[in-house]
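There are 2 protein chains.
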Amino acid sequence: MNQQTSDLKIFEQYFADHEKEIFDDYSTFLQFKSISTDKAYQDEVHSCADWLIKHIEDIGFETELWDTSGHPTIFAQNLNAGPDKPTLLIYNHYDVQPVDPLELWKTPPFEPTMVDGNVYARGAQDNKGQCMYVFQALKAMMHEHDSFPINIKWIIEGEEECGSEGLAGILENKKEPLAADYLVIADVGIAAVDKPSVTLGIRGIITMDVEVIGSNTDLHSGTHGGRAYNPLHALAEVVSKLRDCDGQVTVPGFYDDVDEFTDEERGQVDFAFDPDEYRDTFALEATGGELRYAPLERSTVRPTLEVNGLSGGYSGVGFKTVIPAVAQAKISCRLVPRQDPKNVGEKVARYIESLSPEGVTVKVDLHEGGGGALRASPDSDIIKAFAEGYSVVFGKPCGFTYEGGSIPIVTELARTCGGDVVLMGMALDSDQIHAPNEHFGWDRFQKGFLVFTQTLSILGKG
Amino acid sequence: MNQQTSDLKIFEQYFADHEKEIFDDYSTFLQFKSISTDKAYQDEVHSCADWLIKHIEDIGFETELWDTSGHPTIFAQNLNAGPDKPTLLIYNHYDVQPVDPLELWKTPPFEPTMVDGNVYARGAQDNKGQCMYVFQALKAMMHEHDSFPINIKWIIEGEEECGSEGLAGILENKKEPLAADYLVIADVGIAAVDKPSVTLGIRGIITMDVEVIGSNTDLHSGTHGGRAYNPLHALAEVVSKLRDCDGQVTVPGFYDDVDEFTDEERGQVDFAFDPDEYRDTFALEATGGELRYAPLERSTVRPTLEVNGLSGGYSGVGFKTVIPAVAQAKISCRLVPRQDPKNVGEKVARYIESLSPEGVTVKVDLHEGGGGALRASPDSDIIKAFAEGYSVVFGKPCGFTYEGGSIPIVTELARTCGGDVVLMGMALDSDQIHAPNEHFGWDRFQKGFLVFTQTLSILGKG
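In the order they appear, the protein sequences are chains A and B.
The working numbering runs 398 ahead of the 1-based position in the first sequence.
The working numbering runs 398 ahead of the 1-based position in the second sequence.
By construction, these hints were calculated from the structure, which means they are not laboratory data.
Each hint should be verified, as a subset may be incorrect.
You can't tell identical chains apart in this list, so a pair holds if it fits in one copy or across any two.
To be verified - Subject to a maximum C-alpha distance of 20 angstroms in a straight line, what follows is the list of computed SDA-like cross-link-like pairs (lysine to any residue): (1) Lys761 / Ser713; (2) Lys639 / Ser754; (3) Lys761 / Gly858; (4) Lys639 / Glu756.
Let's have the full structure, built from the sequences with the hints guiding it.
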């Protein structure tokens, strides 16, 4: 039995011995309604941070709760491995998305429920599940060895789901505590349940609100229909002009800073897409986006523009013959390296405003808190260590993938940290994050735990 | 002093003497939350009907409360004028529209408030205000003369704002009680505050729900953006194709049964439109609808297609990067004579469904309860009598107008009644019916009262 197999056995045994305790911690963590985007949940967000920081202290970390303009950031460190050992900065977040539409949840979103080996709850995967297996891995290592094989810093923020403005605002003053050799963003996934992979990149994001203003009041559609320009029609017309029939975004200059993927880059990853599986899981064909690229390229390494909400007029029970004064849309763009969030946002905003039909006013409010895309090299030591960790745990070679989602703060955090970056996690597309019935496989929770213990041991041997 | 001037003086005096009592009745009537479209208000709708029928009994009517599949219809009659006198059937409704968006109301919608001579409340005009001046006119006539100059039947329904399905379902069995020489629909307006007019026509209506279905679940727009066809984009694209750049509806066959207005018809009415007044009142230019017609023609005697609601995805505080499973629209079409609601609705529904992009499903649910348009001849006795009534009260000649709104039940009611129809009322475009801050001028309430007493006297003299 070699060292790696021996480590694996130790922590498999630990997980088996402590499974109930691990699950109970996880369950408690999930019960906090730490919805960061809605001020109504502010107290729950703070209680969640307090609970978590206490638990992190208990496993041998010095901790600090950093105040921000929004929700606090947890910072923890244990540098007892000493200056000869590398320092790893781990990133997680303890906040979650809103839960609406609530009526579509089969179990209450803040009452974690295990069904067929999956834990259902808001945050079950994104990111409380992934944060919790990191915690349990560190706890287990401390339990087994009374120390960590490397120096560890850990930052857990409370505003990832609403743009990380607070953390972004303090990074400049936290260069020293956040300095590290490596940064691991434990908030992404694997290619498939039986396909271990390390993630080489995530997309950037910029979001905005669009408002179409007609009259100074809601109007009766009988009296004014045919005279007033209906803001709902204007909004539909504007949105319909943002992409062409091939799925290309029509905003002038949108693709200016977009590099085509090279054959070498394409050769490093597996862009194979199984339409049958997609149909079985989501009842969908992959008909969206830029049709001249492969589905997985479109959703991971190409930029997008998506409407995330339309509203205006009456949408309740029955009918109301109204021409509303205002119609609204929420729009986000996913970005690739070299696309500057603010610059792309401005281009989109100006173009949308230029599409305003006569008789209504179209206004775009560009949100703060966007973030650029991030790409890592498959040749860096930290990527190699995690790839090896995955290989040992899964018993098969580890591949590379790209992630279509964004973690807005990550580019700035990487710059502040100064170390090489890796994106890892145990997510699957089918986890329904940000949607009703979010869930996370308990088997993947355990594998995430093992990947972490394994990789930290590998890094310790350096 | 001629007879007409003498009648006017009597009822002006009556109104002055009973103003507080009249206002109190009106205010009580407005406090019932008789929102017919929302089942949550069912009890309030019924309480409102009970209150009203009691008051109608007290002024000398035999009454019946007709059960329907939905909210009850009030029927009242006083035929004491005898067979030598004509019979007039009056139509009103006691139900009101929903009040949302509630936050835009400056005074609570069910606490009637007088500000600068206007009464603010949901239903202040549509139709409780107009129903109440009819009631007060009848009460005053009974008070002054102990009888009515003609036979009167009165039908007051509780589902006008949600399609009148209940009343439509019982009309066939109510031919005898509803038979009359004339039918007056007291639910429309005048051309301007100083321009008395009788209404020669209203538009028909058909309404529908549109649903665009993508995945079987909400999706994360980072993971699926660029792969999944976003139902919000699909909905915007579908809606944007329903009208061309000149405002014409693009649905094949939509205009098949639409007759162009003749020069004779155009000569009977005043289609003058004041863009400055429209801008001052509604902060709007008349840029909507079929641009090759005059604004008032477009909004009264031409058919329209308007979206009355768009919804889907996230529209709350903050942001949610979601591709929703479903996006929805509510659509209504206003119709002109010879356009059959069901036939036009089917054409619109099939066309909308045909526009579905690949990868989503578009379904249209056509609502029951649409109604055809109605047109009256300016040469009928009842039109002439009301025109004379308006002239006396306003002290100037009465014109003719068309109304862009719809009263779905009216066409069928007219057929059941068998008499000549007139549409009258004291509404102005600026009353904000169906919108926040609906209001009705107290001076117009009084004028409506006087037009009614005056016209009934005229009809009594035959």
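Hint check results:
no.: 1; hint: Lys761 / Ser713; verdict: between (23 angstroms within a copy, 16 angstroms between copies)
no.: 2; hint: Lys639 / Ser754; verdict: both (11 angstroms within a copy, 16 angstroms between copies)
no.: 3; hint: Lys761 / Gly858; verdict: neither (54 angstroms within a copy, 59 angstroms between copies)
no.: 4; hint: Lys639 / Glu756; verdict: both (16 angstroms within a copy, 18 angstroms between copies)
Hint 3 alone, counting from the list given before, is not met by this structure.
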